[in-house]
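Just so you know, the protein sequences line up as chains P and F, in that order.
Positions 0 to 198 (numbering that gives the first Met the number 0) are the ones given, in order, by the first sequence.
Positions 0 to 228 (numbering that gives the first Met the number 0) are the ones given, in order, by the second sequence.
For the record, the hints were derived by calculation from the structure and aren't laboratory data.
Cβ coordinates follow ideal geometry from the N, Cα and C atoms, glycine included.
A hint or two may mislead.
What the hints assert, rightly or not - Taking lysine-lysine pairs in the PhoX-like style, the calculated list, with each CA pair at most 20 Å apart, reads:
| # | chain 1 | residue 1 | chain 2 | residue 2 |
| --- | --- | --- | --- | --- |
| 1 | P | LYS189 | P | LYS128 |
| 2 | P | LYS192 | P | LYS127 |
| 3 | F | LYS221 | P | LYS29 |
| 4 | P | LYS37 | F | LYS221 |
| 5 | P | LYS192 | P | LYS37 |
| 6 | P | LYS127 | P | LYS190 |
What the hints assert, rightly or not - Negatives, chain P to chain F, calculated, CB over 10 Å:
| # | residue |
| --- | --- |
| 7 | PRO9 |
| 8 | LEU20 |
| 9 | TYR25 |
| 10 | ILE35 |
| 11 | LEU96 |
| 12 | ARG122 |
| 13 | ALA123 |
| 14 | LEU131 |
| 15 | SER142 |
| 16 | LEU143 |
| 17 | VAL186 |
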Amino acid sequence: MHISEGICSPPVLAAGLGLALAGVAYGLRKIDAPDIPKVGVLSSAFFVASLIHVPIGPTSVHLVLNGLMGVLLGWAAFPAIMIALLLQGVLFQYGGLTTLGINTVNMALPAVICYYLFRGMVRAEGVKKAALAGFASGFVSISLSLLGVATTLVLTQKAFLITAKVVLIAHVPVMVIEGLITAFVLVFLKKVKPEIIEG
Amino acid sequence: MEIQRRTRCMVAGLCLLIVLMMAVPAQAHKIMVFGYLDEGQVRLEGYFADGKKAENSLVEVFGPDGSKLLEGRTDTQGTFAFPMPDVPQVRIVLSASMGHRAECTVEGERKAPVRPPVTAKPAAASRPAAGDAANTRAREATVPERISTVQPESLREDAAAPCASGLTEQQVRTIVAQELDRKLGPLRREVAHLAQPQTSLTDILGGIGYIAGIMGLIMYFKARRGGRA
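Please put together the full structure from these sequences, using the hints given.
Written as structure tokens, this is what we have:
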């Protein structure tokens with residue numbers, strides 16, 4: 000999911016960085032002081048989540064958790080994800096530093112989209128709706144992220160749409176697992192401390 | 000209100016701890032490649048950080064001037080081999096799907112510098128002559144760092160003549176060089192493998208610490224600007 004250094008062309012990297020910084024600026028404005036611990040905890044969870052592997056056929060993929068972040072943080076997912084990606088790049092040499100912009104956009108934009116799509120359902124009464132919304136959020140955010148990565152690679156003429164479709168199908172197990180994890184976490188939070196989901 | 004905030008943080012922290020415990024045995028997910036020289040062949044291995052081999056991944060080899068020398072694909076074990084080209088150093092780039100990419104360099108054999116020929120001495124004084132010749136060589140040449148297939152000057156003038164066992168000195172040297180290459184191959188592979196950067200719990204905790212610190216900074220600036228308390 001993380002695009003490595005040296006693959007994308009400079010215009011793509013620059014456009015990605017511009018979009019990411021705009022998103023981060025807006026996200027920072029939207030954070031209220033009481034929400035900051037939540038942002039920090041989810042950013043740490045995202046940071047660590049990439050270490051959890053899901054072996055899929057010939058390759059292995061990792062957890063992303065951007066669906067969870069989107070539903071719980073909204074626009075604050077942008078700074079949370081960018082900070083975590085920066086630290087992953089510096090400490091684990093994972094992803095890249097020039098690719099920070101496009102990786103942030105590819106992971107945070109689906110998070111925000113899922114926020115708008117599912118926040119109503121998550122905040123509604125009852126655990127079942129939260130579970131469904133959680134699953135959908137995890138599923139959809141990963142698919143959008145994969146689409147984003149495929150589009151970025153296509154823009155650099157490194158991949159073709161046919162390959163992108165194949166990759167998308169190959170990642171369906173990941174989407175399911177992410178959906179399940181997001182659903183579990185949301186149900187747990189809703190039962191124990193619903194205030195985390197509000198606001 | 001304050002108690003609710005605290006328990007909220009604690010619950011979230013508990014979730015994070017569970018995630019952390021699951022993650023500690025694993026490593027950051029990325030593709031890695033290392034290459035080493037083995038009996039004139041460059042061998043490389045590509046794999047993901049969790050140990051999975053990089054099967055059928057694109058390999059591109061570049062010379063020091065940046066020109067592409069050859070390309071190919073890794074096999075089901077994630078390995079690929081090619082004869083070392085006649086350049087001092089090659090750069091290997093491994094690409095897998097979804098934007099994964101890794102690089103490594105392999106240096107060529109460093110051949111020992113050409114030695115000046117040893118002057119002929121009477122055949123009778125073989126041992127003292129060997130000592131003089133060795134000293135001359137030590138002063139003029141450097142010790143080769145890798146076992147080279149180039150035959151060094153022999154210590155004996157009658158080196159072409161077979162010894163008691165029936166082997167000439169040249170043959171013995173060749174045999175020893177080949178055996179050492181064979182033994183050193185796996186060792187070089189291990190060294191190249193170990194030279195890869197590894198992630199550790201220290202890195203994970205450091206990263207989380209950084210996140211906490213940055214969040215604290217954000218909180219400080221928000222409070223200064225008089226945001227909602």
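Problem - Hint numbers contradicted by this structure - result: 10
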